[in-house]
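A.B. asks: Read off the chains here:
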Amino acid sequence: MVSIPHGGRLVNRVAKNNRRERLLKEAATLPRVELDLNQALDVENIAHGVYSPLEGFMCYEEVSYVLEDMRLPDDLPWTIPVVLDVNEDDLIGVREGDDISLFFSGKPIAIMKIEEIYKVDVDLYASRVFGTTDPRHPGVSKTLSMKPMLVGGSLELIGETPNKYERYTLHPAETRILFSERGWETIVGFQTRNAPHLGHEYVQKSALVFADGLFINPVIGRKKPGDYKDEVILEAYEALIRNYYPRKSVVLSILRYEMKYAGPREAVHHAIIRKNFGCTHFIVGRDHAGVGNYYGPYEAWEIFKEFPDLGITPLFVREFFYCKKCGGMASEKTCPHSEEHRVKFSGTKTRQILLNGMRPPPELMRPEVVDAILKFENPFVEE
Amino acid sequence: MRRRKYTTVSIPVSLYERIKSIMEGTGFKSVSDYVTYILREVVSMHERERMASPFSEEDVERIKEKLRALGYL
Chain A
76 MVSIPHGGRL
86 VNRVAKNNRR
96 ERLLKEAATL
106 PRVELDLNQA
116 LDVENIAHGV
126 YSPLEGFMCY
136 EEVSYVLEDM
146 RLPDDLPWTI
156 PVVLDVNEDD
166 LIGVREGDDI
176 SLFFSGKPIA
186 IMKIEEIYKV
196 DVDLYASRVF
206 GTTDPRHPGV
216 SKTLSMKPML
226 VGGSLELIGE
236 TPNKYERYTL
246 HPAETRILFS
256 ERGWETIVGF
266 QTRNAPHLGH
276 EYVQKSALVF
286 ADGLFINPVI
296 GRKKPGDYKD
306 EVILEAYEAL
316 IRNYYPRKSV
326 VLSILRYEMK
336 YAGPREAVHH
346 AIIRKNFGCT
356 HFIVGRDHAG
366 VGNYYGPYEA
376 WEIFKEFPDL
386 GITPLFVREF
396 FYCKKCGGMA
406 SEKTCPHSEE
416 HRVKFSGTKT
426 RQILLNGMRP
436 PPELMRPEVV
446 DAILKFENPF
456 VEE
Chain B
589 MRRRKYTTVS
599 IPVSLYERIK
609 SIMEGTGFKS
619 VSDYVTYILR
629 EVVSMHERER
639 MASPFSEEDV
649 ERIKEKLRAL
659 GYL
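Chains as they are written, first to last, in this note's numbering: chain A, 76 to 458; chain B, 589 to 661.
I should point out that these hints are in silico values taken from the structure, not numbers from a laboratory. Bear in mind the structure is a predicted one, so any value in this text is a computation, not a measurement. Glycine included, every Cβ here is placed at the ideal spot set by N, Cα and C. Treat the hints with care, since some could be wrong.
Each pair of labels, with its calculated beta carbon distance range [claimed, not checked]:
1) 144/A <-> 619/B: 30 to 40 Å
2) 306/A <-> 596/B: 54 to 64 Å
3) 377/A <-> 597/B: 20 to 30 Å
Taking lysine-lysine pairs in the DSS-like style, the calculated list, with each CA pair at most 25 Å apart, reads [to be verified]:
4) 593/B <-> 194/A
5) 380/A <-> 654/B
6) 91/A <-> 652/B
7) 91/A <-> 654/B
8) 217/A <-> 91/A
9) 239/A <-> 654/B
10) 380/A <-> 617/B
11) 608/B <-> 593/B
12) 380/A <-> 608/B
Next up, chain A with everything else stripped away, as it sits in the complex (with noise of 0.2 Å):
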């Protein structure tokens, strides 16, 4: 069966009918922060139960045994802190106890309960979350340069972002539903930030062999320059599913949310992320939510150790290549050939080979994904 979501319960804050129309006007009134499109994420995430048990954003002392324990202070395994920060004059005249209301591109989004006020050592908080306070580490940066205030408490979500991706975007209840209207009860979860290359495909059909159904939920978020546009990886997948997966076993799916780049620890809330949208196992492959020599290549498997209780089954899986001797796909397990007969995948290099219009070879990536990635002028995110 689907899996039970993290702490027993999915989370549903999303206000409804009557309440929410209250709720809308009550949020007139009422102190108002303005959120970026990465908070508000977070707010959304929250109320859908994508982020159970959490339901608000942490107060000082859930991130407190977080950044320490990895846990939430009832023993739960969490590793990185859902936080929201604000600005000194985002908080005159608000006090804990009182009721604001949370808004992006000024419409009113959320209500939430300002259960404490506090601050929290950025350094400390770095040093833990990424284990580093290299200010060049994406998730750092980001860390250092939070606005000084953090505000904790439970939300109710009255509206929502504006999303072009609404048809392929499955809330946990939603997808919970759906595994169980298909009949499984062993789902795999795959997390990409890219189009699909035949690794990708290998490494999906051999969770397959053993599951039920695979969850293919790319990651829809802030891009660096040299990432894949979201619109790229959503035609690129689909183009792939079409042509090579029953399509029975498959569900595409996003998630909307920030990469922080925490390497293990983030593994971890990867894993429960999808083990509240149902999964029962999920992916984790080499330098999982890595960036630059921060990680080690399999740094990200040895902390799932930690957590006999996570609830949901990590599969780690080594790198795969196309071995020309062996005629196919294979990894350090199955091949024993040299690395001469090697044909490895690197995003760089298939990034470079598509940047020059040209077509990388249907060893590295599918004609059809080709096709669906070069429809776009420009796949790529610009500097």
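Fit chain B to the supplied structure of chain A, relying on the hints for placement.
C.D. replies: Coordinates of chain B only, in the frame set by chain A:
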């Protein structure tokens, strides 16, 4: 003030010795660490058995309709 993080649980000495002997070479630093690890596994199994059904019938129908409209069902 941060609340107390640890409490004491008593186990028979014989069990303690048994655990100590099987722990060798496992990488656990203490019997407490080992017992904590094992108990977390057991507790999470019991918690899984107790989960209540989260959706009303109305919610389920509404969601199924959305999934059909999107082509997932």
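A.B. asks: Does each hint hold? Answer for all of them.
C.D. replies: Each hint, compared with the structure:
1. About 19 Å separates the C-beta atoms of residue 144/A and residue 619/B, a value inconsistent with the hinted range of 30 to 40 Å.
2. One distance hint, 54 to 64 Å for the beta-carbon pair residue 306/A and residue 596/B, holds here, with the actual separation near 57 Å.
3. In this structure, residue 377/A and residue 597/B meet the distance hint of 20 to 30 Å, their C-beta atoms being roughly 28 Å apart.
4. Pair hint residue 593/B plus residue 194/A holds up; C-alpha atoms about 22 Å apart against a cutoff of 25 Å.
5. Note on residue 380/A and residue 654/B: the hinted pairing is violated, with a Cα-Cα distance of about 39 Å set against a maximum of 25 Å.
6. Distance restraint check for residue 91/A and residue 652/B: the Cα-Cα separation of roughly 18 Å lies within the 25 Å cut-off, and the hinted pair is therefore satisfied.
7. For the suggested pair residue 91/A and residue 654/B, the alpha carbons sit about 17 Å apart, so the restraint of at most 25 Å is met.
8. Among the hinted pairs, residue 217/A with residue 91/A is inconsistent with the structure: their alpha-carbon atoms are about 34 Å apart, more than 25 Å.
9. With a CA separation close to 17 Å, the supplied pair residue 239/A and residue 654/B stays within the 25 Å bound.
10. The hinted pair formed by residue 380/A and residue 617/B meets the criterion: a straight-line CA distance of about 14 Å does not exceed 25 Å.
11. A C-alpha spacing of about 23 Å is found between residue 608/B and residue 593/B, which places the hinted pair at or below 25 Å, so the restraint holds.
12. Between the alpha carbons of residue 380/A and residue 608/B the distance comes to roughly 20 Å, so the proposed pair stays at or under 25 Å and holds.
In terms of the numbered hints stated before, the structure departs from hints 1, 5, 8, listed from lowest to highest.
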